[in-house]
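A.B. asks: Can you make the complete structure from the sequences, with help from the hints?
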Amino acid sequence: MGRYVIRRLLQMIPVFIGSTFLIFFMVYALGDPVAALFGDRAPDPATAAQIRNELHLNDPLWKQYLLYMKNIFSGDFGTAFNGQSVTSLMGSAFPVTIRLTIVAIIFEIIIGITLGVITGMRRGKPVDTGVLLLTLIVISVPTFVTGYVLQYLFGVQLKWTAPSVSPEAPFNELILPGLVLALVSLAYVTRLTRTSIAENTRADYLRTAVAKGLPRRRIIIRHLLRNSLIPVVTFIGTDVGFLMGGAIVTERIFNIHGVGFQLYQGILRNNAPTVVGFVTILVLVFLLANLLVDLLYAVLDPRIRYA
Amino acid sequence: MRGATRVRWAVGVTVVALTAAACGGGDSGGGGSSGGSGGGIVRASWGDPQNPLEPANTTEVQGGKVLDMIFRGLKFYNPKTAKAENMVADSITTTDSQNFDIKLKSGWTFSNGEPVTSDSFIDAWNYDTQLKNAQLNASFFQYIDGYDKVHPDAPGAKASAATLSGLTKVSDTEFKVRLNQKFALFPDTLGYAAFDPLPKAFFTNRSAWLAKPIGNGPYQISSYTKGSKMELKKWDGYKGPDPAQNGGVELRVYTDNNTAYTDLQAGNIDLVDDIPVSQLRNVKADLGSRYINQPAGIIQTIAFPLYSPRWSSANAAKVRQGLSMAINRDQITKQIFEDTRTPASDWTSPVLGDAGGFKKGLCGDECTYNADKAKQLISQGGGLPGGHITITYNADTGSHKEWIDAVCNSINNALGNNKACVGAPVGTFADFRNRITNKQLNDPFRAGWQMDYPLIQDFLQPQYFTGASSNDSHYSSPTFDSLVNQANAAGSTSESVSKFQDAEKQLVKDMPAIPLWYQNGSAGYSSNLSNVALNPFSVPVYNEIKVS
Amino acid sequence: MPDTNPIDPEQGPIAPGGGYGGGMDLAASDAEALEREPGHGQEPGGPTGKPRSLWSDAWRDLRRNPIFIISVLIILFLIFISLWPGTIATQDPLAANLSKSQAGPEPGHPFGFDSQGRDVYTRVVYGARASVTVGVCATLGVVLLGSVLGGLAGFFGGWWDAILSRISDIFFGIPVVLGGLVFLSVVTNSTVWPVIGFMVLLGWPQIARIARGSVITARQNDYVQAARALGAGNSRMLLRHIAPNAVAPVIVVGTIALGTYIALEATLSYLGVGLKPPTVSWGIDISDASNQIRNAPHMLLWPAGALSITVLAFIMLGDAVRDALDPKLR
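Sequence lines, in order, name chains Z, G and R.
Residue numbering for the first sequence follows full-length UniProt numbering, beginning at 1 and increasing consecutively.
Residue numbering for the second sequence follows full-length UniProt numbering, beginning at 1 and increasing consecutively.
Residue numbering for the third sequence follows full-length UniProt numbering, beginning at 1 and increasing consecutively.
Rather than coming from a laboratory, the hints here were simulated on the basis of the structure.
Beta carbons are placed, not taken as given, at the ideal position from N, Cα and C, and that holds for glycine.
Possibly wrong hints are sitting among the right ones.
[Claimed, not checked] Among the chain G residues that face chain Z by a calculated CB cut under 8 Å, a handful are: (1) D48; (2) I92; (3) Y254; (4) D256; (5) N257; (6) F429.
C.D. replies: Right under this line is the structure:
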């Protein structure tokens with residue numbers, strides 16, 4: 001087990017190098033960022049050349065990449081075009097996004113799995129159909145619309161909460177944004193749990209458990225749920241990345257200055273340091289999330305062993 | 001040094017207290033002191049400035065808002081009439097439209113106590129121009145003699161001088177400017193933020209200054225958290241004619257103007273200066289009289305790549321005129337923009353006023369919708385090149401898709417072909433600009449011009465003069481150029497303006513860009529505020545807002 | 001196909017690690033009947049002449065499942081209007097009459113007009129082609145690529161797993177916006193294929209993870225161990241023993257993803273790199289309507305409704321196929 005974890009952690013090194021290079025290359029492929037700095041005005045060539053020089057944009061790609069990596073190892077992630085260092089952007093964006101992601105994942109776990117167990121055990125019943133309809137709505141109505149409608153309802157009409165989140169973004173202000181962010185994933189979690197539960201209600205060990213006369217609650221949680229959770233856990237593991245990096249729409253609606261927003265800005269402005277820096281951290285988060293998921297497999301299904 | 005820190009700290013405490021009062025009270029604002037000048041804080045929407053907040057490095061309106069509050073230049077554009085009026089300048093005189101003598105009023109200081117002298121301007125302008133400082137607006141100093149030495153144009157060239165030879169200090173309150181060509185309207189350009197003075201504190205410690213800029217305007221910055229908010233406090237030491245009528249302004253960064261609008265509805269913010277297009281249909285019902293919709297110095301056009309063989313032929317001008325006549329501006333401004341745009345009939349803006357050079361209907365029939373005539377002209381010109389055209393726009397900023405689609409539909413309806421014109425989105429503004437600068441576009445593209453200063457010269461010369469900095473069409477007309485030169489050398493403003501209008505008439509014939517509509521500024525505010533207005537740059541006049 | 005009933009859990013030895021061994025008699029399926037869906041086939045195994053494989057069993061089940069039949073009918077209808085939209089919509093989806101902008105229903109225009117004054121009904125009908133193609137092809141591509149790579153990673157483990165999983169990690173790291181702007185902005189043609197290719201490129205890692213997880217679980221099952229002991233080859237084990245047992249989560253995620261791909265196409269269009277006009281799609285219309293939700297909800301209702309029905313059909317199809325493949329239901 002210990003050796004497995006160490007091996008997995010070591011694998012982060014090639015992934016780190018691979019993904020930084022890939023993202024660096026992609027931002028490079030986006031094109032020259034300098035012209036856009038001048039707004040609608042054509043750049044004056046001398047100033048533009050000076051800026052390109054300062055950003056090393058005239059060097060060949062490999063040289064820019066090596067320089068970037070060298071700076072990273074000395075703790076310098078570069079600066080965004082507004083003059084802020086990327087480390088300070090990350091310092092303000094990641095805590096907010098991590099909190100938002102935690103709220104969303106808690107919703108996925110509590111609501112998603114609960115609905116999944118209920119619908120899985122009552123297949124074809126009205127509650128199952130009702131949840132299916134909700135699922136369809138969640139999939140086909142854009143997050144922008146659900147987000148805006150909920151914001152308008154709770155923020156303007158009912159005044160239960162402020163429509164936008166303050167810069168500090170404490171947990172209690174993130175409940176509504178977290179729910180909106182989790183909605184599509186909820187559909188997945190619910191349907192995955194439902195299917196697994198439905199499959200496993202027919203498994204031998206469950207019938208054994210029923211035959212042994214174990215209490216229903218214990219059967220559901222200890223036997224049924226535990227064995228049904230592997231696909232769900234896998235999904236939530238993959239979802240961490242989407243939630244953290246892809247919350248652009250949710251973050252915009254609720255004015256949250258998080259990772260999604262900074263990443264989006266960096267991409268639109270072709271700012272390599274911002275994009276590579278943020279994505280690198282995100283990839284490391286995915287890797288850890290995956291490792292955690294793989295270790296959970298062994299907990300959920302004792303037959304799975306890692307050497 | 002230590003003393004200064006302490007002062008700043010004390011200021012910080014006061015502002016925290018003020019803000020706390022404003023937020024806590026909600027309606028009461030400044031409480032007891034709400035008599036004349038009021039102590040309430042205006043909570044306003046803001047966008048993250050794209051560049052560091054230096055006067056000559058700010059190319060967009062969000063950074064410009066702040067510069068507007070914390071700086072006052074030689075001239076100041078009257079928020080109502082757009083006329084350039086003396087502010088720090090006592091007088092600007094010339095006899096030949098090329099040598100200017102600038103005298104400053106005495107008594108102006110920066111908010112850190114430093115006096116505003118002629119050095120504050122000369123040092124700032126030299127700094128702004130120097131190549132090594134890579135200021136995005138350096139080209140605004142190009143008419144000053146010696147610019148090419150301090151800021152050589154060829155990429156890679158080294159500067160051969162550190163200071164502009166055209167600037168000469170006479171005394172602490174007077175300096176002379178020599179231009180490298182005649183430019184009658186030069187004094188009127190000096191209200192632009194790039195010409196703002198800078199205190200010594202900027203040159204001694206630039207990074208500290210950037211973290212919290214210090215200026216000479218009616219407000220001073222009390223705290224600035226990049227990316228989320230800036231708190232500005234009324235500067236009590238301000239001696240100018242336009243002190244703040246409120247206790248301060250809190251600018252909150254919104255990444256989506258729709259959220260700012262929702263926050264306004266919920267009462268969490270007082271002022272939103274950019275009503276989202278999607279809410280225009282509701283804004284009157286939501287806000288009633290607390291909605292402002294007034295002209296601003298912005299014109300939208302569709303520009304043609306005249307360097308492309310598709311558009312360079314002599315006949316192509318007919319096609320361009322035909323396309324202009326195929327666009328139903330009235331209907332689009334009404335249905336898509338809810339009258340927050342005014343159909344354009346020249347290439348300037350109504351905010352200039354008639355004396356400033358705006359002339360309604362200058363474009364005449366060529367800018368008036370007439371489907372039959374349009375079809376006829378286009379076929380006379382040889383038809384659309386290749387049978388169909390695209391209009392390129394960037395998808396990331398502004399909501400251009402809707403109106404581009406509407407323009408294309410209007411052209412398609414006029415031509416009776418639903419595939420004659422389609423919109424062609426480009427992912428990012430950066431990519432869009434690169435394609436334009438590198439002459440990669442072969443079909444028309446959207447163009448917008450927000451004036452730097454309210455002069456007809458600023459609408460025409462940068463965009464249509466041969467080789468000018470924003471001449472994205474690469475339009476070149478000897479007639480137009482010579483009329484512009486005459487206008488710049490003219491002895492009086494009115495003579496200059498009428499020459500510019502003569503030049504503008506050449507644009508009707510050549511139609512390098514189709515004028516679409518003049519953009520209005522729009523804003524909404526809460527019932528806590530009164531006396532809210534937008535200036536001709538569509539920026540709220542913060543210092544005049546009263547908080548009840 | 002000599003192997004008649006390979007997936008009988010009862011034939012395996014007691015599970016090595018787990019405590020819940022078999023021991024129940026499958027024939028005594030009273031308990032199971034409680035869980036059955038209505039309409040499911042009742043006879044455990046009709047005597048047909050030739051030996052039946054799992055897949056032919058599944059097909060027999062499916063043909064009699066009303067859920068399956070309804071979903072197939074909806075899908076056939078979608079295919080029909082994708083191919084021949086003109087049969088049920090006679091107007092031009094591009095014809096715009098701006099004076100009708102966002103107007104409600106009127107005779108001849110049952111769903112009203114969009115912002116440009118185009119007929120919403122016609123656009124919903126014509127939008128099916130691009131949207132259904134994107135949804136179905138992207139899902140198929142993602143599911144095939146993802147489950148093959150993920151399945152291999154989960155089955156072989158070790159280096160295979162390490163390399164495939166780490167590659168998928170790198171792909172996971174590419175933000176959709178960045179990938180879209182890089183890969184799709186160079187594309188100039190306005191067909192759906194670049195968009196589909198892009199979705200497959202960025203979508204497969206998720207299915208791969210899910211498939212890998214399922215295969216890792218399924219690999220531990222007694223009957224797989226038994227098959228291995230009996231000397232079954234790798235490919236045979238994967239296809240006949242593991243795949244049918246690991247496929248359920250992939251189907252579930254795939255069917256929902258189908259809907260999200262149709263919606264993602266709108267996001268790409270919004271970014272200016274998706275389907276380009278004059279292509280008509282539900283995604284583009286939904287995206288255009290989103291901003292107008294306060295002014296003209298009908299603009300959103302109809303394309304979103306069409307998307308819902310499509311997703312519903314595929315979810316039902318997925319459920320039916322999954323049930324048919326599940327040996328425990330038999």
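A.B. asks: Holds or violated: is there a CB of chain Z closer than 8 Å to the CB of D256/G?
C.D. replies: At 4 Å from the nearest chain Z Cβ, D256/G passes the 8 Å test, so the hint holds.
A.B. asks: Checking hints one by one. Is I92/G an interface residue toward chain Z, by the C-beta closer than 8 Å rule?
C.D. replies: Status violated, d = 25 Å.
A.B. asks: Can the hint on N257/G be confirmed by a CB-to-CB distance to chain Z that is less than 8 Å?
C.D. replies: Status violated, d = 10 Å.
A.B. asks: Holds or violated: F429/G as interface residue toward chain Z, Cβ cutoff 8 Å?
C.D. replies: holds (5 Å)
A.B. asks: Are D48/G and chain Z close enough, Cβ to Cβ, to be under 8 Å, as the hint says?
C.D. replies: Holds, about 7 Å.
A.B. asks: Holds or violated: is the Cβ of Y254/G closer than 8 Å to a Cβ in chain Z?
C.D. replies: holds (5 Å)
Going down the numbered hints, you'll see the structure goes against 2, 5, while the others check out.
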